[in-house]
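**Student:** So you can see what is in the structure, the chains are spelled out below.
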Amino acid sequence: MVMKNVKNVNFWQVNHKIKNIFERRGVKVLPSPKAWEKFNWVRKILKEKPKEGYFIWVKKTINLPLEACVSIASLKISQNLTNLLVIEKGIKAKVNAVCNATKNNLYATHKAKGKLILKEGVFLEYNHIHKWGEKDFVSPDYEFVLEKNSRLIYNYQNLFPPENLELKTAIHSEKNASSNLNFVINSLNSKIKIKDTVFLEGKNSQTVVRLKLVGRKNSQIEAMSQIFAEAPGKGHLDCQGLLVDKTAKISLIPQLVCQNKEAQITHEASIGKISEEALTYLRMRGLTEKEAIDLIVAGFLEK
Amino acid sequence: MGKILLKIEKLKVRVNEKDILNGVNLRIKGGEIQALLGPNASGKSTLVQVILGNPKYKIFEGKIFFGEKEITKFSPEKRVKLGMALAWQNPPQIKGVKFSELLEKISILKGSTSKYRFREVEPQLLEREVNVGFSGGEKKIAELLQILSLNPKLVIFDEIDSGLDIKRLAMVAKIIKKELVDKGVSVLLITHLGQILQFLKPNLTNIMVNGKIICKESDFRKVLRTIKKYGYEKCKKCKFLAG
Numbered sequence: 001m002v003m004k005n006v007k008n009v010n011f012w013q014v015n016h017k018i019k020n021i022f023e024r025r026g027v028k029v030l031p032s033p034k035a036w037e038k039f040n041w042v043r044k045i046l047k048e049k050p051k052e053g054y055f056i057w058v059k060k061t062i063n064l065p066l067e068a069c070v071s072i073a074s075l076k077i078s079q080n081l082t083n084l085l086v087i088e089k090g091i092k093a094k095v096n097a098v099c100n101a102t103k104n105n106l107y108a109t110h111k112a113k114g115k116l117i118l119k120e121g122v123f124l125e126y127n128h129i130h131k132w133g134e135k136d137f138v139s140p141d142y143e144f145v146l147e148k149n150s151r152l153i154y155n156y157q158n159l160f161p162p163e164n165l166e167l168k169t170a171i172h173s174e175k176n177a178s179s180n181l182n183f184v185i186n187s188l189n190s191k192i193k194i195k196d197t198v199f200l201e202g203k204n205s206q207t208v209v210r211l212k213l214v215g216r217k218n219s220q221i222e223a224m225s226q227i228f229a230e231a232p233g234k235g236h237l238d239c240q241g242l243l244v245d246k247t248a249k250i251s252l253i254p255q256l257v258c259q260n261k262e263a264q265i266t267h268e269a270s271i272g273k274i275s276e277e278a279l280t281y282l283r284m285r286g287l288t289e290k291e292a293i294d295l296i297v298a299g300f301l302e303k
Numbered sequence: 001m002g003k004i005l006l007k008i009e010k011l012k013v014r015v016n017e018k019d020i021l022n023g024v025n026l027r028i029k030g031g032e033i034q035a036l037l038g039p040n041a042s043g044k045s046t047l048v049q050v051i052l053g054n055p056k057y058k059i060f061e062g063k064i065f066f067g068e069k070e071i072t073k074f075s076p077e078k079r080v081k082l083g084m085a086l087a088w089q090n091p092p093q094i095k096g097v098k099f100s101e102l103l104e105k106i107s108i109l110k111g112s113t114s115k116y117r118f119r120e121v122e123p124q125l126l127e128r129e130v131n132v133g134f135s136g137g138e139k140k141i142a143e144l145l146q147i148l149s150l151n152p153k154l155v156i157f158d159e160i161d162s163g164l165d166i167k168r169l170a171m172v173a174k175i176i177k178k179e180l181v182d183k184g185v186s187v188l189l190i191t192h193l194g195q196i197l198q199f200l201k202p203n204l205t206n207i208m209v210n211g212k213i214i215c216k217e218s219d220f221r222k223v224l225r226t227i228k229k230y231g232y233e234k235c236k237k238c239k240f241l242a243g
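As you go down the protein sequences, you meet chains Y and B in turn.
The first sequence begins at 1 in this note's numbering and counts up one residue at a time.
The second sequence begins at 1 in this note's numbering and counts up one residue at a time.
Since the hints were derived computationally from the structure, they do not count as laboratory data.
No false leads were mixed into what you were given.
Chain Y is nowhere near these chain B residues, computed Cβ spacing over 10 angstroms in every case:
# : residue
1 : 167
2 : 175
3 : 230
4 : 233
Examples of chain Y residues toward chain B, derived with CB under 7 angstroms:
# : residue
5 : 280
6 : 281
7 : 286
8 : 300
9 : 302
Virtual Cβ for every residue (Gly too), placed ideally from N, Cα, C.
Sequences and hints are given; from them, build the entire structure.
**Tutor:** This is the structure in structure tokens:
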């Protein structure tokens, strides 16, 4: 996903500087420290005053997706963001959030704490795209609150991994709330730790979590995927790993914790390597070994 | 008939301490159609995989030439670039990759546009994942479409006639004739049952038993008659065994 026209990006930050804020009718966009100063209710959600980050408050349904972009463009920048997204009752919204380093060797640090509140009956599709350089350190920690009857589709994609990624995601689901989480993560000379946790707190709350992880050269991925069923809800975890290189290692730890006898939670996990037969087949179609691996990996992430 | 395009000399291949190919000799000229018949596990499929450079198989003796070049140690992609192509008997699944994407990739690499010309053959295949849930017949058609996109000089068809009903077999044979044979492309047909030979009439039929080509015969009907009547056992005892 590329932000085609930066003027239409609702929140655009480069390094520590806000380049653009673009509000639409029914959508309030502010730097999060300003929102903290301005709104009493924000101070109740965020206990400490943020240093930087975005605040997006959606009060009306809008047809276009909202765009947020946070980039690092200079050497050794260390971002410490606090983001807050609040969507009012019954609203449908789509958010595309891009976080990236504009060059490959910036030794950037990107820490982000996010809180996303979906009020009653909200439908949100949140596409979270990361693109990092090979020496970066990145640690997003996002918490979603799904009030009753709300629905979340969360797609996290990181095809250009940093050296170090620590990704934490927590979902709190009230009555009839549902979430669909898709994590697609590539690794190359990377150390990646993932922890995603879904709490099924309300009756009939539901979740489906899918992880697709690709272990390339000199990479270690450790993924812990959890569902806690505290109420009679339904959940399913699907963790899949693909080892591309012999120097890569993937650990998948699916965990189901059931505290309600009427809840149904299931999981499946698998780690495989690239099929030698498929690789040879594609090479016999004229693709080089690298092109063949790339095509197989793209297919794995796609399906 | 043109110059010799493929030349295989005394090829020996061993897998897990077992000899699979025991000194295979084969020559195919430009524009020639040859057939290779043999019982199950005689080494036919291993031979064609070795010809195309499958890294799983290690050659411990013998040489392969394509045109003027010795290609014994070439990678599969390099052989394809030179003009060799293999239609697999059991092609593997490539999950998540659309057949049209693969055809497009091949066409870009080879600068060909065959996929557009053959769209009408099985248009629904283009949107499906490569070989995922393909029926036996669909696999064969998909292989043929890829081969045509490769603009080859030599095509090896590994059991192209297995899993095809007579109507589809006739259609496949017609395409092979029109798009390959009539354009001077050499063809090697690997077949167990020999059905495709009725349609494509090879110039020479080879019999392979126990990893060695033991017979070469220009009249394929004679070979088919003999095998139908006596099986491959008769070939083993034949006094005119090829060297």
